[in-house]
Amino acid sequence: SQQGEEDPQALSIQEGENATMNCSYKTSINNLQWYRQNSGRGLVHLILIRSNEREKHSGRLRVTLDTSKKSSSLLITASRAADTASYFCATDAYRDDKIIFGKGTRLHILP
Amino acid sequence: GEEVAQTPKHLVRGEGQKAKLYCAPIKGHSYVFWYQQVLKNEFKFLISFQNENVFDETGMPKERFSAKCLPNSPCSLEIQATKLEDSAVYFCASSQLVREGGYTFGSGTRLTVV
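Chains as they are written, first to last, in this note's numbering: chain A, 1 to 111; chain B, 1 to 114.
Check the hints yourself; a few may be wrong.
[To be verified] Partial list, derived from the structure: chain A residues whose beta carbon lies under 7 Å from chain B:
1. ASP97
2. LYS98
3. PHE101
Bear in mind the hints are in silico, worked out from the structure with no lab data behind them. On a predicted model such as this, the values are computed, not experimentally measured, just so you know. Glycine included, each C-beta is placed from N, C-alpha and C at the ideal position.
Modelling step: build the complete structure from the supplied sequences, incorporating the hints.
Written out as structure tokens, the structure is:
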């Protein structure tokens, strides 16, 4: 069954602006991951945040996790054309041995 | 660099024909996962392996889908008697650990059933 739900489904912003995507999930988790998928390609792992962490940074990416609300956000700062892609959150549910993906947010960076 | 290699990239089968997809995981990765993505939407988990052993097969349609990971061979996902709804991109991923790290995905095999 689906675990993560991304919001919004699609997002268009101007190059240089910040992009924020949200993910909500249903059950207790060990960790939450964000992946990027460029058109016609496989998923690229971006960042993993553990259930005991609240915030994590990697370059222009900032991920937050609120386990009380069962939600996470991915912030991409100073967006670039190359950031155009679909972004998926994936949760590693507690006592489960696989990660389950949400439906993704399609991000389009306008020149 | 190291990558998960999936072959073929594209596969077209007539309804009722067999389809076989291959995945070579990264050396040293113990876990292999297969996911199905329909219409660029969510990724549906199919099956995972720990080395040659099935680890979790809760996502596999039992009747027509089978998968193997044999020593010294690429892993394979086989669909007997394909149906139109099997049209999708099938992704393989490998990982050293099942819970602690990110997965490395291949570029996928696009299966079109006509």
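Now the hints, each set against the structure:
1. ASP97: holds (5 Å)
2. LYS98: holds (5 Å)
3. PHE101: holds (4 Å)
Violated hints for the displayed structure: none, as all numbered hints are satisfied.
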